[in-house]
Structure formats: C-alpha cells, structure tokens
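One-letter residues, chain by chain:
2 protein chains.
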Amino acid sequence: MNNPIKIAVDAMGGEDSPNKVLKGIEIHNTTTQNIIYNIFGNKNSINPIIQKLNIPKNIFNIIHTENYIKDEDSPLTAAKKGKDTSMWMSIESLKNNNSDAIISAGNTGALFVIAKLNLKMIDKIEKPALSALWPNKNGMNVVLDLGANIECNEKNLVDFSLMGSALHKSLFDEEDAKVAILNIGSEETKGNNVIKNTYQILNENKNSLFQFKGYVEGNQIMDGNVNVIVTDGFTGNIALKTAEGTANFISSELKYALNSTWIGKISALLNIKNLKKFKKKLDPRLYNGAILLGLDKPVIKSHGSTDEVGFANSLQVCEKIIKSNLIGKIKKNII
Amino acid sequence: MNNPIKIAVDAMGGEDSPNKVLKGIEIHNTTTQNIIYNIFGNKNSINPIIQKLNIPKNIFNIIHTENYIKDEDSPLTAAKKGKDTSMWMSIESLKNNNSDAIISAGNTGALFVIAKLNLKMIDKIEKPALSALWPNKNGMNVVLDLGANIECNEKNLVDFSLMGSALHKSLFDEEDAKVAILNIGSEETKGNNVIKNTYQILNENKNSLFQFKGYVEGNQIMDGNVNVIVTDGFTGNIALKTAEGTANFISSELKYALNSTWIGKISALLNIKNLKKFKKKLDPRLYNGAILLGLDKPVIKSHGSTDEVGFANSLQVCEKIIKSNLIGKIKKNII
Chain A
1 MNNPIKIAVD AMGGEDSPNK VLKGIEIHNT TTQNIIYNIF GNKNSINPII
51 QKLNIPKNIF NIIHTENYIK DEDSPLTAAK KGKDTSMWMS IESLKNNNSD
101 AIISAGNTGA LFVIAKLNLK MIDKIEKPAL SALWPNKNGM NVVLDLGANI
151 ECNEKNLVDF SLMGSALHKS LFDEEDAKVA ILNIGSEETK GNNVIKNTYQ
201 ILNENKNSLF QFKGYVEGNQ IMDGNVNVIV TDGFTGNIAL KTAEGTANFI
251 SSELKYALNS TWIGKISALL NIKNLKKFKK KLDPRLYNGA ILLGLDKPVI
301 KSHGSTDEVG FANSLQVCEK IIKSNLIGKI KKNII
Chain B
1 MNNPIKIAVD AMGGEDSPNK VLKGIEIHNT TTQNIIYNIF GNKNSINPII
51 QKLNIPKNIF NIIHTENYIK DEDSPLTAAK KGKDTSMWMS IESLKNNNSD
101 AIISAGNTGA LFVIAKLNLK MIDKIEKPAL SALWPNKNGM NVVLDLGANI
151 ECNEKNLVDF SLMGSALHKS LFDEEDAKVA ILNIGSEETK GNNVIKNTYQ
201 ILNENKNSLF QFKGYVEGNQ IMDGNVNVIV TDGFTGNIAL KTAEGTANFI
251 SSELKYALNS TWIGKISALL NIKNLKKFKK KLDPRLYNGA ILLGLDKPVI
301 KSHGSTDEVG FANSLQVCEK IIKSNLIGKI KKNII
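So the sequence lines, in the order shown, correspond to chains A and B.
The numbers in our numbering rise by one with no breaks, and the one at position 56 of the first sequence is 56.
The numbers in our numbering rise by one with no breaks, and the one at position 222 of the second sequence is 222.
Hint data in this document are derived by calculation from the structure and do not stem from the laboratory.
One should not assume that every hint holds.
For chains that are exact copies, the list does not tell them apart, and a pair is met inside one copy or across any two.
[To be verified] The calculated lysine-lysine pairs, modelled on DSBU-like cross-linking and capped at a C-alpha distance of 30 Å, are:
id: 1; residue 1: Lys196; residue 2: Lys127
id: 2; residue 1: Lys127; residue 2: Lys190
id: 3; residue 1: Lys190; residue 2: Lys124
id: 4; residue 1: Lys70; residue 2: Lys213
id: 5; residue 1: Lys196; residue 2: Lys155
id: 6; residue 1: Lys137; residue 2: Lys255
id: 7; residue 1: Lys70; residue 2: Lys81
id: 8; residue 1: Lys320; residue 2: Lys332
id: 9; residue 1: Lys190; residue 2: Lys155
id: 10; residue 1: Lys81; residue 2: Lys190
id: 11; residue 1: Lys80; residue 2: Lys190
id: 12; residue 1: Lys206; residue 2: Lys137
id: 13; residue 1: Lys196; residue 2: Lys80
id: 14; residue 1: Lys190; residue 2: Lys116
id: 15; residue 1: Lys81; residue 2: Lys332
id: 16; residue 1: Lys120; residue 2: Lys190
id: 17; residue 1: Lys155; residue 2: Lys124
id: 18; residue 1: Lys81; residue 2: Lys196
id: 19; residue 1: Lys95; residue 2: Lys83
id: 20; residue 1: Lys320; residue 2: Lys178
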C-alpha cells in the first residue's frame, strides 16, 4: 500500500465551523481510503462533534490551538495574529512536510497572505492565481485569476494558462485542456495590449499540456468549447460574481413564478423530480472552493458559506490534486 | 398640439430587416401619438411590407437609398462606404435637425464611428459611452460603459455616472438614480487607482441628479439597491455578456430538466402560465438595445437579433429620451 495522503484541515474558518468541516471529513472518508486528516483547531469544540461522527480514530490527528482567524480580520491583522492560529499552523504543516495539501473554509485574504509568507513560489512563476471551477455545457471550466492580482502582464497570463491547464488535467484527466483568454471580441485586434501580447505568445508556443483556442467572450464561457479561461483578477472576479448574481436572480424569480398561484404550487410538486435534477446540476456545492495556484504546495479554499457536502467536495479536489501531482505537472511545463 | 417628435429609423440593419423594423414601428405607433418616423432604406424592400401594415401614411417618410452597411463590415469599411448608406443618412438627419433621435439595429461599431464623425460631443464630455438596461429585483439598472472605451480614467467614469443617471431619470422618472462603481469588493481600499480616485470624486461632489452609493460587486448588480452601474468598457462588456451567457445556460438546463420525462412534460404544461410569467419578466426584448451617451443627439442601438417587439421597445426608449430631454439633463449636470 502506498503512503497515505495527508491533508491539513483548518477546522475553524467559515460559517458553522468546525461542525461542517468535520461532517465534510466524514462524508469524504466514505468515498476514499488511505487519507490522513490533520485537523487544526480547538479540541474543545472539535472533540464533542467528532466523537459522534463515523470517522475511524486512526485516520485523523487533532492539533490543538485556541487562536484562530476571524472572517472579518484584514489580511494584515490575520498575519499579525501569528503562528498559533489554526490557519497558520495548518499551512506550516505543509512547509514541514507533515501534510501534502491544506484546506480552509476561512478568510480568503488571510489564507492568501499566510500561504505566501510560509510557502515558496514555484520557480519562474511570478504571481499566484486564485482559480475556481465553473460549469459549462459539456463539463467543467477552470477559470483564473479570480481576484488575487488586480493587474496582470502577459507573462502572468501565460503562467495562468499553464497552471489552469495543469489543474484541469489533474481534475478531469480524460479531457484535453483547451485554453482561451477572456476578451470583448473574438477578432485578433480586440482587447488591450496585454491581452493581444498574450495571444501572440500562446499562439506561437505550442505545448503538449493544452490547446490554445484564442479569445472567448463572456457569453461563451459556458458553451463548453473551451475549458480553461484565463483573465486578470479584476475581470475574473467581476465575471464570476456576475454569473453568481445572475443565477441567484433567475432562481429566485423562478421560485416566485412557480409558487405564485395554487396551480403553480401543485404542478411544481409534480415537477419536483425534474427540478431537483436541474438544481443538482447547478448546485454550487459541486463547484465549491478555489485553488491557489503558483505556490509549491496545494492550497485549497472552500467557500465560507458552503455546508458539509460542499466541504467534502473540496476535500475531493485536494485528494485529486495530490494524487495527480498537480505541482509536478506545472513545474514540468513552465514556458 | 406640440410639434411632433421625429425619429430617424435606419431600416436596413440587423437580422430580418426591414421587416422587423417596420413591424416594430406599427407596434410602437399603437402605444403613442404625434411621432413622425423618418425611415431610411431601400424603398423596393420597404414599400411592399409597409403597405400591408397598419401605419397611417401621414406619420412616416421613406428616404430612399440602395446602399447600406452590412453586419460584417468593419467600422472603417462602413465609414468608407460613405454618405449614401441608410445608416449615415439617418444620422445626418439629426445633424440637419430633421430628426430628434436615431435608431438602428445594424452594425454597432459602424453606428458608433459614423455617429462620432457626424455629431458633436456634449461640451466637457471626453468619451461617449455605450449604456444598456439590465433588470434588478426592484426595477431596472442602467449599466455603462459596455464596450465603447476599453480604458477609462476617473474623469470618464465620473461623466458616465452623470450620463447614466440622466438616462435613468429620463426612462424611470419616479425613481431616484443611485450610482455605484463596479468593483471587486465593497471596502474603500479595493480596486485599482482609477476606481479609487473616482470614488473620492463622487463622494466629495454631491449633486441633485443622483445619490452615490459607493462600490457594488458583480453578484450585487441585480439586488436593486443601486440602479446606475458605472464601469470601464472592458469590464462592462465582460459582465453583461457573462450575465447573458449564464441566463442562457440556466434556461437551456431548465428546459432540458422540464422536458426530460413524460411527467415532466405534463407538469410543464400545467405550469405553462407561471413559466410564461417568469419568461416575460426575463424577456431580453424588454431590455433591448443600447444607448450611446455623450453625443449631443440621442443615438439608440437596437439588438441586431431582436424581433419587432424588441424593436418597438427601443422606439419607446427613443421617445422617452426625447420627451424627457435627456441631452439637456446631461448638459445641466456636468461636473
């Protein structure tokens, strides 16, 4: 049997933690084996919950600390809180090779800063990027950067193409990675200079990791013709959140329409199976979390507001990233 | 009786023109009075259609020309095609004060360039902006810029706030205009320097046209707490198209879910009235078109792919803009 995979879990961040974190571990554990969960947090909150769950004692360690980072802490405040917070300690366990990846549902800015303070960048990558999964008609997109870097140059965007493709290959091995740059038109002449220069570089440097497909417009992100969408952190953040806002708006309008009359209520009941199928496909818990790329160890951020099912999905992302050697894939393909 | 409002209509642009344009005029005419439509285009295509429609002869003029701009023409090609195209002639009729506003469902880039060649900018406004309507939970947003200017400085964004608010007041007189800048966070420290400087200027210069509400994130655009969303043309274009793509994706998934089994089909039939209500509220024809702001005459772009109902809605936007003296409102409030 191979050595077990060790995941560092910050148990204290996000809504309803450590409850959802521990239940997420219970769910994830039923789908896999040979994982050790190194759980960082307050044992007085963790122990009463974990004792009631179906998690074998030999697959987890609790590393006790009372200090933790709050969701409302600024990244600076968080970093100053120091080395005995659950987030810092879980990241430090990567640095010390006691864990293979870290996951937290806590404060994103703090996670980003503390990870950068403790972990090395991959050689030749200048900026880390925040990436996330986003559904398309045929499967799943990787989209990056989502807010780590407000301004990016062509080298950064080229790096993002590479890192995003490596992530896509790690998670969806059977598919080819197809990269496109997010732009306001599909003609070569569109966009700002950084975008045009990135286009040139990617078009001229063929590689074995991904196919370069040129530009993609906002309305084509979900078409499924490409699956790695590259953009600067400002634009990516606006696009992701606009999609989220639009989906929420439509869901609430639909809910209202289906419930606004008696006949609506009855037929909505009849329809419940189909609507559930629909809801399941669009369930944001499926796409939960973001992956910080560019550091030489995997750092995974679960949504603060997700539940145990979402957290379990992010644990699965951790597992796939480690098993598929994401970091090795990135290093091997740096241009 | 007041002088009639004169609308210059480019009959030749977009899918299914001049058919949808003329039918759009027929629909619009049933909702209003005292409008003259100056219709520019090929009389050999226009006459056979208009004769079959219920449009009184005394409310339209056909100004014949055989030349027109194609959807695939580049803005430069379009401008070179010259002064006898239906688009050029309809814009020229504004310049000569023969019409009060121009509407076209044709080539956006060409409309933009030909309008700039023929019309003056409003004094002290440096860049024109493309604005559009976008639904929110309580009513309608004006969003700008949507692609006219890839890069904008703080003066441009301040101008957009003013022009967008004037447009919102013109279309939805009973509501207060509430401006927000699109950003990746709601704290004052977020965003790039242009955004932060715009925040400062708008925060310090109170005015009677609009309330300044600070920043809005992508997921809050449709919340209804603000109704004038200001951003550069690159970001605005990505946001609008991402929202469009998300809405299309969800609609097609929903359609699939509701039709994928017999019981689904039957209950979808029962539900049809409510789903229609839902569809109506999200009908893109309601928000059809874009308004080019910053020129000293109103230039309205209808979607190329809309139908007669969408075109009629854009004609109503023209009418409201003229009646409410949009250009005067902008001039009066320039900072």
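Comparing the hints with the structure gives:
no.: 1; hint: Lys196 to Lys127; result: both (20 Å within a copy, 23 Å between copies)
no.: 2; hint: Lys127 to Lys190; result: both (25 Å within a copy, 19 Å between copies)
no.: 3; hint: Lys190 to Lys124; result: both (29 Å within a copy, 28 Å between copies)
no.: 4; hint: Lys70 to Lys213; result: between (41 Å within a copy, 27 Å between copies)
no.: 5; hint: Lys196 to Lys155; result: both (12 Å within a copy, 26 Å between copies)
no.: 6; hint: Lys137 to Lys255; result: both (23 Å within a copy, 13 Å between copies)
no.: 7; hint: Lys70 to Lys81; result: within (10 Å within a copy, 63 Å between copies)
no.: 8; hint: Lys320 to Lys332; result: within (18 Å within a copy, 61 Å between copies)
no.: 9; hint: Lys190 to Lys155; result: both (19 Å within a copy, 24 Å between copies)
no.: 10; hint: Lys81 to Lys190; result: between (46 Å within a copy, 22 Å between copies)
no.: 11; hint: Lys80 to Lys190; result: between (44 Å within a copy, 21 Å between copies)
no.: 12; hint: Lys206 to Lys137; result: within (26 Å within a copy, 46 Å between copies)
no.: 13; hint: Lys196 to Lys80; result: between (41 Å within a copy, 26 Å between copies)
no.: 14; hint: Lys190 to Lys116; result: between (34 Å within a copy, 20 Å between copies)
no.: 15; hint: Lys81 to Lys332; result: neither (36 Å within a copy, 53 Å between copies)
no.: 16; hint: Lys120 to Lys190; result: between (36 Å within a copy, 26 Å between copies)
no.: 17; hint: Lys155 to Lys124; result: within (10 Å within a copy, 38 Å between copies)
no.: 18; hint: Lys81 to Lys196; result: between (43 Å within a copy, 28 Å between copies)
no.: 19; hint: Lys95 to Lys83; result: within (13 Å within a copy, 69 Å between copies)
no.: 20; hint: Lys320 to Lys178; result: within (20 Å within a copy, 46 Å between copies)
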